[in-house]
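**Student:** Just so you know, the protein sequences line up as chains G and P, in that order.
The numbering of the first sequence is my numbering, which starts it at 1 and goes up by one.
The numbering of the second sequence is my numbering, which starts it at 1 and goes up by one.
It is worth saying that the hints were derived from the structure and are not from the lab.
No residue lacks a Cβ here, since even glycine has one placed at the ideal position from N, Cα and C.
A portion of the hints provided could be inaccurate.
Said to hold, decoys possible - Listed below are several chain G residues computed to face chain P (Cβ distance under 10 Å; list not exhaustive):
id : residue
1  : L134
2  : N174
3  : Q203
4  : N204
5  : L218
6  : N297
7  : S304
8  : T332
9  : Y336
10 : A338
11 : K343
12 : D358
As the list claims (entries may be wrong) - Here are some, though not all, of the chain P residues that point toward chain G, as calculated from beta-carbon distances under 8 Å:
id : residue
13 : N87
14 : S116
15 : Q120
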Amino acid sequence: MKIQHFFKRVCLFLLVLTLFACGGGGGGGSGNSSTSGNTPTPDTPAPIPDYMSSNIAANAISFSIQKSSGNNVNAPFVSVTICQPGTSQCQTIGNILLDTGSSGLRVLSSALGSLQLSTQTNNNLPVLECASFLSGLTWGPVKTADVKMSSEIASSIPIQVIGDPNYQSAPNNNCNGLPILQDPSGLKANGILGVSLRVSDSQNYFSCSGNQNSSCQLITQVSSLQVQNPVASFAVDNNGLVMQLQTISASGANSATGTLYFGVDTQTNNSSSGASIIPTNSNGYFTTTFNGLSYRNSFIDSGSNGLFFPVGSQSSILKTCSLSTSFYCPTTTQNYSATVALKNNGVGTINFSVANADSLFATNNYAFSNLAGNEPSLFDWGIPFFYGKTVFFGIAGKLSTNAGTGPYYGYR
Amino acid sequence: MRFQAPLLNCLLALGLALTGVCHAELGGTAASISAEQKQFNSQLTSTQQNGYLVYTQTLTSGTIVQEYIAPSGIIFAISWSGPSLPNIQAIFGNYYANYLSAAEKSRRSIYTSSESLVIQSTGMMGAFQGFAFLPKLAPTGFTVNNLPQ
Chain G
1 MKIQHFFKRV CLFLLVLTLF ACGGGGGGGS GNSSTSGNTP TPDTPAPIPD
51 YMSSNIAANA ISFSIQKSSG NNVNAPFVSV TICQPGTSQC QTIGNILLDT
101 GSSGLRVLSS ALGSLQLSTQ TNNNLPVLEC ASFLSGLTWG PVKTADVKMS
151 SEIASSIPIQ VIGDPNYQSA PNNNCNGLPI LQDPSGLKAN GILGVSLRVS
201 DSQNYFSCSG NQNSSCQLIT QVSSLQVQNP VASFAVDNNG LVMQLQTISA
251 SGANSATGTL YFGVDTQTNN SSSGASIIPT NSNGYFTTTF NGLSYRNSFI
301 DSGSNGLFFP VGSQSSILKT CSLSTSFYCP TTTQNYSATV ALKNNGVGTI
351 NFSVANADSL FATNNYAFSN LAGNEPSLFD WGIPFFYGKT VFFGIAGKLS
401 TNAGTGPYYG YR
Chain P
1 MRFQAPLLNC LLALGLALTG VCHAELGGTA ASISAEQKQF NSQLTSTQQN
51 GYLVYTQTLT SGTIVQEYIA PSGIIFAISW SGPSLPNIQA IFGNYYANYL
101 SAAEKSRRSI YTSSESLVIQ STGMMGAFQG FAFLPKLAPT GFTVNNLPQ
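All chains should be built: construct the whole structure from the sequences, respecting the hints.
**Tutor:** See the structure below:
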């Protein structure tokens with residue numbers, strides 16, 4: 001009997017999978033995709049308070065990597081204050097993912113509380129956006145808000161509100177068909193603060209005559225009306241940002257804290273003097289050389305939880321983990337170095353370590369400086385790169401005194 | 001032996017579902033690429049390569065999708081690059097679940113590789129690139145290195 005039941009369930013599951021796979025796209029609940037096989041979730045987890053940043057200076061706030069309800073490792077969180085433009089009607093939202101790999105602020109509708117924000121319109125119709133992430137999409141109205149962090153204010157900028165109960169399903173066309181990230185379990189955060197090297201997000205915008213996805217038409221949105229990188233819109237300290245993250249031990253740490261400075265070379269606390277500056281192409285990519293091979297399309301990204309790089313000649317040592325199959329599991333921790341081309345024909349050497357990810361995840365830690373996995377075509381310098389460093393991000397087209405004109409990365 | 005009947009029913013139903021509506025997608029056939037072109041409202045061109053055909057669609061978003069067709073008519077690989085992702089569900093077809101399971105663990109670098117399926121999807125917002133490849137259905141001599149890296 002049990003076997004029969006099992007087969008019924010398998011059959012149903014396969015059928016659902018098959019039918020789901022054949023659909024034209026869009027839709028699809030966010031699902032409850034759990035993170036890597038790290039920490040087992042207790043049956044009744046106690047609520048974990050959202051992380052709230054402290055103001056470190058007029059142009060600086062704290063960020064933290066720690067246990068959160070999403071249970072993700074190496075995810076830096078900040079809090080952001082969102083206001084009705086020009087008023088003191090504001091809401092401060094914690095557990096916002098600090099992401100240098102996307103542009104624009106996206107927040108859950110539920111986190112805005114009673115705050116009312118006006119929706120951007122196009123020919124009198126509300127404007128909605130479908131933004132692509134590799135593992136999902138964000139769908140929802142573009143709203144106008146003041147965005148504040150410490151004393152910095154981006155006035156009346158377009159942000160995206162996601163998980164809006166009025167707009168549950170994304171269009172099938174011109175949207176990526178992946179699960180919609182619209183609740184804390186899908187997003188594993190209350191929002192995403194996208195502060196990449198780009199000023200705006202280059203995603204897909206729609207005007208919608210009703211609440212159904214079929215009522216939405218793709219529109220062309222000029223850069224200034226797209227969801228904006230808030231840092232680029234600050235009145236001052238708007239040419240980039242700096243992330244400084246503490247050093248942690250090789251076995252990891254339960255949590256780690258850092259400081260996010262706004263601006264580069266605009267104040268005494270965000271000087272790029274002495275930093276290695278990596279110029280990038282217009283997409284924010286540069287070439288990393290490792291074991292004699294060069295990988296263009298490499299990038300530095302606070303939204304990546306590991307170092308992802310080609311296994312190359314190390315395949316006998318950097319074996320794929322048996323549990324967390326996205327990561328490397330060497331028997332003993334390995335030390336490597338790679339080089340990058342710097343400004344003024346310099347060459348930068350970056351040292352990094354790779355530990356056994358299954359062993360790391362077996363601890364109670366959430367911060368790891370030596371977590372890595374396979375990505376055959378490029379170097380994705382994720383959060384492990386940031387520990388013990390000061391990392392600089394120069395926004396495209398903006399000048400800083402020492403580092404030059406963006407887009408560039410830097411580290412010290 | 002009791003489980004045989006439900007198993008049979010399951011396979012039958014699954015077979016029907018598989019042969020039903022999926023076409024212009026990884027592992028499907030080139031037959032309905034024009035229907036997909038209509039759905040995507042894309043510009044479509046095709047080029048004959050040595051031993052296979054490549055259909056290239058340029059979407060309104062600026063993203064480019066390529067489908068690689070073996071002499072048998074089977075789409076044995078897909079690739080994409082551009083500011084936003086194409087409809088992954090539509091172009092992955094029956095392999096969509098494989099993409100999702102590979103995507104579960106990493107936000108920005110997705111990679112999975114087996115003898116029968118390779119998926120690579122990476123990039124930051126504004127500049128994505130990736131491919132999916134069915135090595136066992138590819139023409140002789142075509143390897144993962146023939147795909148845009």
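**Student:** Evaluate each hint against the coordinates.
**Tutor:** We went through each hint and held it up to the structure:
no. : hint : result
1   : L134 : holds, 5 Å
2   : N174 : holds, 6 Å
3   : Q203 : holds, 5 Å
4   : N204 : holds, 5 Å
5   : L218 : holds, 6 Å
6   : N297 : holds, 7 Å
7   : S304 : holds, 4 Å
8   : T332 : violated, 23 Å
9   : Y336 : violated, 17 Å
10  : A338 : violated, 16 Å
11  : K343 : violated, 21 Å
12  : D358 : violated, 13 Å
13  : N87  : holds, 4 Å
14  : S116 : violated, 16 Å
15  : Q120 : holds, 6 Å
Against the hints set out earlier in the document, violations occur for numbers 8, 9, 10, 11, 12, 14.
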